[in-house]
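Trainee: Going line by line, the protein sequences match chains Z and C.
In terms of the numbering used here, the first sequence opens at residue 1 and continues consecutively.
In terms of the numbering used here, the second sequence opens at residue 1 and continues consecutively.
If you are wondering where the hints come from, they were derived from the structure by calculation, not from laboratory data.
Every residue, glycine too, gets a C-beta built ideally from N, C-alpha and C.
Among the clues, some could well be false.
[Claimed, not checked] Coverage of chain Z stretches by chain C, computed from C-beta distances (three or more under 8 Å per stretch; other residues unrestricted):
# : region
1 : 16-30
2 : 170-176
3 : 210-223
4 : 304-310
[As the list claims (entries may be wrong)] Covered stretches of chain Z (in silico footprint by chain C; criterion: 3 or more residues with CB under 8 Å from a CB of chain C, positions within the stretch not fixed):
# : region
5 : 150-161
6 : 184-190
7 : 232-245
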Amino acid sequence: MSDIVKEVVVISGKGGTGKTSIVASFAALSGHSVLADCDVDAADLHLVLTPTIRRREEFRCGHEATIMQKDCIGCGACLARCRFGAVVRIAAEDDMFTGTKTTCDNCADGCKRSCPVKFADIIEAIRAAGGEGKEQAFVIDPTSCEGCGVCVWACPVNAIDFPECLGGEWYVSDTRHGPMVHARLIPGGENSGKLVSKVREVARTLAEERKADLVVVDGPPGVGCAVIASVSGASLVLVVTEPTLSGAHDMARVLELTRHFNIPTAVCVNKWDLNADMADRIESEARKSGAAIAGRVRYDRAVTAAQLRGLAVVETDAGPVGEDIRAVWEALH
Amino acid sequence: MRIAIASGKGGTGKTTVAVNLACVLADSGQTVQYLDCDVEEPNGHIFLNPEITATEPVGIPVPVVDEQKCTGCRKCAEVCQYHAIAVLKKPLVFAELCHGCGGCALVCPERAIREENRTIGVVETGRAGGVAFVQGRLNVGEPAAPPLIRAVRMKAIADGVAIMDAPPGTSCPVVATVRGADYVLLVTEPTPFGLNDLRLAVEMIRQLGVPHGVVINRADSGDRRVRDFCTAETIPILLEIPDDRRVAEAYSRGHMAVRVLPEWKTMLMDLWNSIEADACRQGRQRDTGQ
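Using the sequences and the hints given, assemble the complete structure.
Mentor: Put into structure tokens, the structure is as follows:
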């Protein structure tokens, strides 16, 4: 192996195909490597590897708007400008009403700030949003806010605070199979892709420090931002799929993604014997897309049994299914 | 009524429950719509085989800079929270980072920025027998699913039952799906992974304040911990589906479970009745502030 740290990323497209169970076994088989759980919004690898946390860091990323009610004049400029539906208007009859009243006298000074070019339009938009003469309050729905800051800029009286927000945490831990970097995105959180990139960056640095030549990454399902952040620049992607039409369909999309990013890719059909014909079909489609075949893993209740005991399959006397996973691991080298 | 079917963990049977429930309700004469909000990996079409009658591109507005007008003042780069626009001598737009907030066009004193739609995927609509069908498909390589999910959700019918099939996980694409739903059905499995991800999903849904209940799939394959969690947190378990190889085989071929196992019809009608009753009960509880 070269002196550069290699990174094997396990993804699936479809969820629940067995990524994490297989990665946990790889951890047990790998000896000297660093583990990274990049499924930051539904991380499970720690349930098997029971890490002892050595370092814990806050993941601060992005900002979130808050309207300071004492300063708000209730003009509605924020509502008129927010494209994410994150500004909520509360009318006077609601009990959350905080008591502001404003009447537009067409001064346009405040609104000017909100729009440098078309006063008339923005004043109309503010009126349409209900800003004129009504008793009302505006609040930001934090679950809708994308932290763009447009409302902060649009507010004519600087009544919107824009603090950095806590997006989650990341950890460096020790496990019985070596160091592990993992994270927890706040449920419902944004910026999962950035947290994924952070986890990978920390894992690579750790691998260099510990003179490990390999990082094994447990990736998220899908093809969106968290997956793109997981695979970009990886040495090898292993797609774990299952012998179902859904598995085949979703694999085709992740293979398109890894081709798009030009990453060498191998495919493994998990639970292949649930539908042997489909497994054949998937492997032939994978080959056509330029992916290598890393092997097959049979369906065995021993996999769930190991998970219930908090163990990787290869750590139990699982027999043939453990051998299947071992063969896939060998094939990756 | 809008029902979102979510899970936290992937592969627990969201799509199986969603498509079969839609089918059973349609057979019983109700107006039903199935919306596949898992735009990264939509699979509902595999089972419903819809005839797609309309395909609409969905885009987000991204900036286009008129270099003649631009003075390089950097205001656009300063306002952009996503680093989607940088100004060296002239501005450089990184369209895939843009969230389409419109901030740059708003702040530009020279009016040098206009917005153009950049397509990120499509919304497809059609019919599958008695079920009205909608799905979003994100273009591969596009990172941001939420704008497309919002476009899918805009198609939800006001009358009748809209069943929204959510993506796995607990981050923003799931929030984009379940926000504004009348009820969230969380499909899980009785394993440590299923429980851990259910916990996270519950935490997210409680923030949104949407009534929710649990379906335990492959109920006899694990242990009691998911049930104990639901009891402790007073989350109703509306249905337990036994582990059945025939369901897995039907699934692998893209067949509907209700067509293979007739008992699923009664089971899912019962589930529907439980959802209606529980949505009503939790709605009342919320309104009285308990």
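Trainee: Which hints, by number, does the structure contradict?
Mentor: 2
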